[in-house]
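Participant: Each chain, letter by letter, is given below.
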Amino acid sequence: MLGAAALAFYMISPQFLSIDNIQIVLQIVPELGILVTGVTLLMISGEFDLSVGSVFALCPIINIMLISSGWNVYLSAISALIACCGIGALNAAVTLKLRVPSFITTLGAMMIWRGVVLLITGGWPFPFLEKATSVKKLLVGETGLIRLSLIWYAIIVLVFWIILERSRFGNWMFAVGGNPRGARSLGVNPDMVKAVNFVIASFLAGLSGLIQAYRLEAFLPSAGAGVELDAIASSVIGGASLAGGVGTVIGSVTGAFLIRIIDNGLILAGAPGYWFRVFVGMVLIIALTLNRIIEAKVHKMR
Amino acid sequence: MGKLPLVKLVNIHKWFGRVSALEGVDLSADYNEIVGLVGDNGAGKSTLIKILSGVYSPDKGEIRWEGKKINFSSPKNAIKLGIETIHQEAALVDKMNIMRNIFIGREPVIRFGPVGWLNMKKMASESMRALEGVALYLRSPQALVEELSGGQRQGVAIARAMYFKTKLLVLDEPTNNLSVKESKRILRSVTELKEQGISSIFITHNLYHVYPIADRIVVLSHGKKVGEFKKEETSIDDLTELITLK
Amino acid sequence: MRRLRFITGLMCVMLVVGVMGNFAEAAAQEKYNFVFITQWGPESAFSAVVENGMKDAAKMAGVNCIMFRPPKEGDLAAQLSSFETALLRKPDGIITTIPHPTMHNKVIQKALDQGIPVICSNTNGLVGTGHPLEKKIPYVGQDLFYSGYVLARKASGYFSEPSEMRALVGVEVPGASWAEARAGGQIKFLEENGCKYEKLDVGTEMATIQSRILAYLKKHPETNVVFTQGCFGPAPSGKAVRLAGYKPGEVIVVGYDIPPSTAAEMKKGYVTFVVDQQPYLQGFVPVMQLYLMKKYGFSTWDVDTGLGIVDESNVELVEELAQKRIR
Chain A
1 MLGAAALAFY
11 MISPQFLSID
21 NIQIVLQIVP
31 ELGILVTGVT
41 LLMISGEFDL
51 SVGSVFALCP
61 IINIMLISSG
71 WNVYLSAISA
81 LIACCGIGAL
91 NAAVTLKLRV
101 PSFITTLGAM
111 MIWRGVVLLI
121 TGGWPFPFLE
131 KATSVKKLLV
141 GETGLIRLSL
151 IWYAIIVLVF
161 WIILERSRFG
171 NWMFAVGGNP
181 RGARSLGVNP
191 DMVKAVNFVI
201 ASFLAGLSGL
211 IQAYRLEAFL
221 PSAGAGVELD
231 AIASSVIGGA
241 SLAGGVGTVI
251 GSVTGAFLIR
261 IIDNGLILAG
271 APGYWFRVFV
281 GMVLIIALTL
291 NRIIEAKVHK
301 MR
Chain B
1 MGKLPLVKLV
11 NIHKWFGRVS
21 ALEGVDLSAD
31 YNEIVGLVGD
41 NGAGKSTLIK
51 ILSGVYSPDK
61 GEIRWEGKKI
71 NFSSPKNAIK
81 LGIETIHQEA
91 ALVDKMNIMR
101 NIFIGREPVI
111 RFGPVGWLNM
121 KKMASESMRA
131 LEGVALYLRS
141 PQALVEELSG
151 GQRQGVAIAR
161 AMYFKTKLLV
171 LDEPTNNLSV
181 KESKRILRSV
191 TELKEQGISS
201 IFITHNLYHV
211 YPIADRIVVL
221 SHGKKVGEFK
231 KEETSIDDLT
241 ELITLK
Chain C
1 MRRLRFITGL
11 MCVMLVVGVM
21 GNFAEAAAQE
31 KYNFVFITQW
41 GPESAFSAVV
51 ENGMKDAAKM
61 AGVNCIMFRP
71 PKEGDLAAQL
81 SSFETALLRK
91 PDGIITTIPH
101 PTMHNKVIQK
111 ALDQGIPVIC
121 SNTNGLVGTG
131 HPLEKKIPYV
141 GQDLFYSGYV
151 LARKASGYFS
161 EPSEMRALVG
171 VEVPGASWAE
181 ARAGGQIKFL
191 EENGCKYEKL
201 DVGTEMATIQ
211 SRILAYLKKH
221 PETNVVFTQG
231 CFGPAPSGKA
241 VRLAGYKPGE
251 VIVVGYDIPP
261 STAAEMKKGY
271 VTFVVDQQPY
281 LQGFVPVMQL
291 YLMKKYGFST
301 WDVDTGLGIV
311 DESNVELVEE
321 LAQKRIR
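Protein sequence lines correspond, in order, to chains A, B and C. Mapped onto the numbering used here, the consecutive letters of the first sequence carry residue numbers 1 to 302. Mapped onto the numbering used here, the consecutive letters of the second sequence carry residue numbers 1 to 246. Mapped onto the numbering used here, the consecutive letters of the third sequence carry residue numbers 1 to 327.
Just so you know, the hints here were simulated from the structure itself, not pulled from any lab data. For each residue, glycine too, the CB sits at the ideal point set by N, CA and C. One should not assume that every hint holds.
[Claimed, not checked] If the Cβ cut is set under 7 Å, some of the chain B residues that face chain A in the computed set are:
#1 V55
#2 P75
#3 V93
#4 M96
#5 E107
All chains should be built: construct the whole structure from the sequences, respecting the hints.
Facilitator: Now the structure itself:
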């Protein structure tokens with residue numbers, strides 16, 4: 001599907017495949033992609049996280065706050081990421097211990113943490129500080145076709161692919177997402193598995209937020225608003241099931257790329273901004289329909 | 001075999017809120033024995049079995065395994081001791097393939113430094129072996145479980161239980177939605193297991209299935225044990241009457 | 001497999017056809033191609049007026065101009081990447097909003113380096129930063145700080161003494177440069193005249209604004225003037241004043257922009273007057289400027305679009321034009 005879309009955009013505007021444009025796309029994809037990886041993994045284990053957008057904004061804010069108070073730049077980045085893990089753990093605790101559906105827990109979390117961001121910043125974007133440049137180099141890398149952030153994305157994809165497809169824990173994730181009670185009766189602890197995934201999702205959301213904030217050298221309190229829906233759409237386009245138990249890391253990559261390419265291609269083609277939503281919606285429905293069709297075919301073959 | 005039973009549940013009580021599910025129930029199984037656990041719906045059979053497999057813990061009473069008092073805090077303990085349970089809602093994950101399903105919770109890994117990779121080759125070959133053990137000849141262990149028929153799925157669950165060197169197999173209504181042929185195969189497997197030294201506790205409300213293969217039959221009604229007979233001591237008609245007695 | 005290909009093919013065709021209109025039109029004639037890059041979301045009614053002005057100017061001047069909006073209101077990262085992508089189309093001129101003091105500088109400089117003229121419209125975050133670009137980019141829009149000052153000054157005319165004012169300065173988006181600048185101007189006047197005032201975060205939804213202002217008025221009955229900064233502020237402020245039991249004119253309600261909701265309250269007497277930043281001009285003027293620059297090599301100039309006062313005397317005329325999305 002990715003190929004078809006790319007081809008279509010290329011037909012409309014040859015610049016789509018130009019080096020400059022590819023560079024633009026490769027620059028913005030990791031920021032969505034890393035976050036989507038976490039959301040997909042959590043979805044496979046059977047839970048949702050709608051708070052990723054707020055964590056996306058909060059992590060860099062915490063980071064820059066610490067730096068302005070005089071902390072070492074690397075330490076503040078790491079601390080901010082640890083804080084994100086804490087948020088993930090909190091999501092897990094409320095969902096799993098208090099038995100609140102994760103959709104609702106993370107919806108509340110989304111609003112709370114976005115509110116915290118506004119409280120801290122008063123709505124003002126934080127100014128970028130010179131000494132943080134070294135962190136930028138580490139996270140984002142030099143300008144060019146393949147920025148460091150893309151490499152980080154690739155590494156993350158690889159690591160989590162291995163965990164999901166080739167490790168025990170990955171097997172547990174599929175089991176817990178597909179049949180939590182069954183998994184429990186076989187000795188797997190669904191709560192533990194889900195909790196870990198909550199933490200992973202928040203961590204990756206924070207990481208991608210950091211990357212974007214550093215690339216733009218702007219710590220915006222409005223960053224990431226609405227990205228949770230893009231993330232869910234990307235996961236689903238990539239083959240994950242909202243019911244849990246199904247999904248792939250590669251699929252999430254495809255989904256993230258597709259979402260970003262649509263936006264990019266539309267601009268190159270000269271379509272005014274209204275088209276984006278229409279297209280994403282269409283793509284989502286088409287992707288799901290295709291999935292169904294393929295599944296039905298496979299069934300018939302067996 | 002020893003004089004002590006393999007497993008003995010003594011005076012088990014279980015409440016759910018204010019509803020009493022089990023009241024003072026005793027159940028035991030000897031080595032090399034098939035015990036049938038029968039009773040009408042709501043009698044408490046599933047609850048008792050969930051206690052045995054570690055999903056629930058009893059509010060009162062104790063469990064003795066091979067003579068020693070035992071506390072199950074989770075299904076993992078039960079599994080470690082050698083109790084395998086085939087639940088009514090099969091513990092199978094539809095969207096995963098057969099071999100992954102068989103090894104949930106006990107995946108074989110290759111250690112590479114600190115990392116444990118799934119040993120896919122071993123999983124594939126071992127799962128085929130396990131399936132053959134219950135005369136289930138499927139094309140590939142990579143097939144998704146959702147593509148199998150009801151009987152084949154039960155077959156996979158039993159194959160899993162057998163493969164892991166169980167001492168006690170607990171089956172909760174295993175023949176419920178199966179065809180005649182598939183049911184027969186299940187019953188045959190359970191009998192073969194007895195010959196291999198694996199005891200079974202077989203829950204059902206279908207007396208015609210359990211009666212032929214059981215050594216002993218225990219009857220539950222409304223959370224209490226109302227009868228326990230060796231097979232020779234009773235008949236299907238007698239049992240039916242007992243169960244339907246108010 | 002056939003159905004798969006059919007659907008994919010259909011999608012491609014739809015894509016091509018749906019967009020061919022724009023592209024073909026641009027390529028067909030030898031027109032100038034301008035782009036207007038904004039951070040407004042697709043639902044922003046305000047931006048619709050700007051776009052209207054832009055389209056009218058484009059028609060008059062015989063040029064093409066397209067407005068780009070990010071999928072989500074205020075998504076600055078998306079605005080930046082649309083800017084970069086738009087550059088690849090080698091437009092003849094760029095109009096852009098600058099809602100952030102530093103983020104856009106690199107990409108604006110890139111455009112200038114490529115010889116593409118850039119005009120800033122509506123929001124100029126560079127104001128006050130001292131960055132060299134501040135002088136290089138003309139600004140068409142409202143001078144926010146000054147407009148706030150003028151607003152407060154005019155409001156004081158409704159009292160016998162400016163110092164009598166007890167003001168509620170409502171801010172819809174605390175920290176947003178545009179809101180803070182306007183409020184800053186109002187506060188400057190208030191402080192110069194020794195007035196008591198209080199700043200309040202009133203939220204962005206009309207319902208929220210109304211309930212928060214109502215709550216404040218109940219707690220502080222001595223308040224006699226209410227300022228808000230955004231285009232959806234005056235109408236709920238007027239409603240709040242009404243619900244608090246005041247008669248028209250007892251509390252002076254002033255703010256910005258003249259959407260229909262505000263016009264309605266103004267006619268009832270609960271909104272005293274507003275400053276119209278004339279968004280139509282913010283779309284119209286830059287297009288004309290670019291056209292003149294490209295065709296005749298004229299230089300550009302700053303335009304303060306934001307001093308149009310709308311009150312009871314001219315509200316009906318303005319309302320009529322608002323229906324046509326001109327004001």
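Participant: All hints, please: hold or fail.
Facilitator: Hints, verified against the model:
| no. | hint | in the structure |
| --- | --- | --- |
| 1 | V55 | holds, 6 Å |
| 2 | P75 | holds, 5 Å |
| 3 | V93 | holds, 4 Å |
| 4 | M96 | holds, 5 Å |
| 5 | E107 | holds, 4 Å |
The earlier numbered hints are all upheld by this structure, with none contradicted.
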